[in-house]
Amino acid sequence: MSRNGSLATAFHLLFVTFMLAPLAIVCAVAFTPEGYLSLPTNGFSLRWFRQILAYPEFLRAFWASLWLAALSSTIAIALSVPAALAIARYRFPGREALTALFLSPLMVPHVVLGIAFLRFFTQVGLAGTFTGLVLSHVIVVIPFALRLVLAASYGIDARIEHAAVSLGASPMTVFRRVTIPLILPGVVSGWMLAFINSFDEVTMTVFVASPATVTLPVRMFLYIQDNIDPLIASVSACLIALTAVMLLVLDRIFGLDRLFVGAGKG
Amino acid sequence: MSERPKAAPYLLAGPTALVFLGLVLIPLAMTVLLSFYDWGQYKGIVPEWTLKNWREMVADDYFASVFLRTFRIAILVTLACVAIGVPEAYILNRLSPGWRSVSLLAILGPLLVSVVARTLGWALLFGSTGVVNQGLMKLGLIAAPLPFMFTETGVIVTLTHVLAPFMVLAVWAALQRLDPQVENAAGSLGASAFTTWRRVILPQIVPGVLSGSVIVFALAASAFASPAIIGGRRLKVAATLAYDEFLNTLNWPLGAAVATLLLVALVAIIVGSNRLIERRYAQVFE
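If you read the sequences in order, they're chains V and A. The numbering of the first sequence is full-length UniProt numbering, which starts it at 1 and goes up by one. The numbering of the second sequence is full-length UniProt numbering, which starts it at 1 and goes up by one.
There could be a bad hint or two in this list.
Said to hold, decoys possible - These stretches of chain A come out as covered by chain V in the derived footprint (C-beta under 8 Å, 3 or more residues):
no. : stretch
1   : 72 to 78
2   : 100 to 109
What the hints assert, rightly or not - Quick partial rundown of chain A residues pointing at chain V, CB under 7 Å, derived from the structure:
no. : residue
3   : V24
4   : L34
5   : S114
6   : L124
7   : T129
8   : S222
9   : L263
Keep in mind that the hints were calculated from the coordinates and are not lab data. All C-beta atoms, glycine included, are put in the ideal place defined by N, C-alpha and C.
Put together the whole structure using the sequences plus the hints.
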């Protein structure tokens with residue numbers, strides 16, 4: 001049912017190819033049976049995937065990233081929900097300034113944030129600790145969590161809560177039984193977007209992570225700085241496969257366009 | 001609009017505000033202060049006020065060349081994203097719903113993949129042992145590998161790939177606010193497809209293009225991983241320069257000065273262009 005002409009369709013196909021080619025090549029090279037970078041023209045092999053197991057630092061970094069992302073997105077949501085309710089419900093002096101402050105990590109370059117955290121953590125004795133890493137990630141992912149919770153909070157009809165109050169519900173019950181269920185889709189999608197952004201973050205983390213707390217993207221970045229071989233391609237291929245699964249789940253639950261149009265605008 | 005006490009919003013937003021005060025404002029202020037500290041190879045960081053780092057950045061052409069390269073790359077990436085992102089958003093908007101959601105997965109999906117993996121893909125495609133170069137050389141089309149790694153072109157292509165989805169999203173959001181009947185009206189009044197595009201569609205999506213450009217420009221100018229991997233050690237941009245000063249040279253005050261300059265320049269550009277867009281296109285933003 002496309003109203004696009006053949007030229008437009010050709011452009012579209014080229015654009016999609018441009019977007020997917022780098023990811024496709026990573027996955028293809030990961031299956032090479034050779035000992036060097038090449039396409040798997042002589043049959044497929046899983047040797048480079050098995051090789052990952054011989055490098056425990058990748059696995060350790062993966063688990064560190066997973067923990068870090070889960071912890072920091074949970075804390076970010078816990079801070080975002082009350083902040084979003086305050087911003088969506090009330091008109092108060094300083095409201096705009098607070099909103100701008102909470103969204104500011106989107107505007108400040110991550111390399112600057114990384115430097116600021118490194119300096120700050122060194123002064124207060126948190127440098128190189130997992131706690132410092134979590135704190136820095138909480139800040140970086142709060143804007144993503146806040147935006148989606150905020151969008152959900154604006155959508156609440158205040159009369160529903162008033163009805164609950166007039167029926168004798170305590171403020172805590174209203175919050176637990178009425179408000180939370182109403183904003184739950186925003187909370188869940190905000191948490192997931194925060195999780196993904198924490199899991200992928202590399203620029204700021206390079207400054208904050210120590211050899212003991214290194215995350216997967218940072219480990220991959222440092223590895224690529226030294227050399228590029230099929231091993232790093234197979235690690236990346238695993239990451240791409242994992243992301244693809246999450247993407248399909250997200251798309252099923254929320255619709256990708258909603259998730260991004262709420263999130264993609266700075 | 002509520003019978004609850006006036007303190008409620010402050011109690012709700014207070015904890016988050018305190019966290020941001022402690023973990024954003026204070027560290028950023030400390031970084032700005034650090035850029036005015038002294039540093040020596042053997043004495044390390046000395047907390048004495050000096051303009052040494054700022055003077056060094058002004059006096060040494062190297063810093064000017066790095067910042068110029070950073071902004072040149074950012075401008076070219078922005079132009080490239082406009083050139084491919086705007087038509088793509090328009091085409092996307094006209095696809096049938098089924099094709100559109102599949103296409104959206106392909107276009108927006110890469111946003112969720114680590115930028116390290118995406119940059120690795122370009123290195124695998126166009127590196128000297130890269131698949132495209134090897135293939136072309138085997139076919140005898142080129143004698144030597146196409147230069148891509150360690151070139152500005154390579155950094156620009158990679159960043160265009162990384163950031164183009166943001167442009168598509170911004171323009172697409174603007175297109176969705178458009179009334180399709182207006183386009184039909186232009187056609188029925190005898191406008192050619194091109195005229196309709198230029199005189200009817202384009203003026204309405206310019207704000208979307210501009211806000212997308214601001215996002216892409218800001219992210220391109222502060223990009224780190226892609227320039228570091230594709231650009232290598234010699235092709236420095238502001239972010240990789242600051243990284244070097246911090247983690248290799250260990251001259252933190254100078255690195256802090258580079259970071260402060262990048263932050264100030266970007267905030268000025270973003271705030272300035274947002275003002276301009278809002279003033280010029282106030283009627284479009286409701």
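- Query: Against chain V, is L263 of chain A within 7 Å by beta-carbon distance?
  - Reply: holds, 5 Å
- Are L34 of chain A and chain V close enough, Cβ to Cβ, to be under 7 Å, as the hint says? holds, 6 Å
- Item | Proposed interface contact between S222 of chain A and chain V, which counts if any beta carbon pair is under 7 Å | holds, 3 Å
- Task: Under 7 Å, Cβ to Cβ, is where L124 of chain A needs to be relative to chain V, so tell me if that hint holds or is violated.
- Result: holds, 5 Å
- Query: Does V24 of chain A meet its interface restraint, that is, does its C-beta lie within less than 7 Å of any C-beta in chain V?
  - Reply: Check passed: Cβ of V24 of chain A comes within 6 Å of chain V, closer than 7 Å.
- Task: Grab the minimum C-beta distance from T129 of chain A to chain V and call the hint holds if it beats 7 Å, violated otherwise.
- Result: holds, 5 Å
- Task: Please verify that hint: S114 of chain A, Cβ, nearest Cβ of chain V, below 7 Å or not.
- Result: This hint holds: S114 of chain A lies near chain V, its Cβ roughly 4 Å from the closest one there, short of 7 Å.
- Message: Please verify the coverage claim for the stretch 100 to 109 of chain A: does it have three or more residues whose C-beta sits within 8 Å of some C-beta in chain V?
- Response: n = 8 at 8 Å, threshold three: holds.
- With a C-beta cutoff of 8 Å, work out whether three or more residues of the stretch 72 to 78 of chain A approach chain V closely enough for the coverage to hold. violated (count 0)
Checked against the numbered hints listed earlier, the structure breaks hint 1 alone; every other hint is satisfied.
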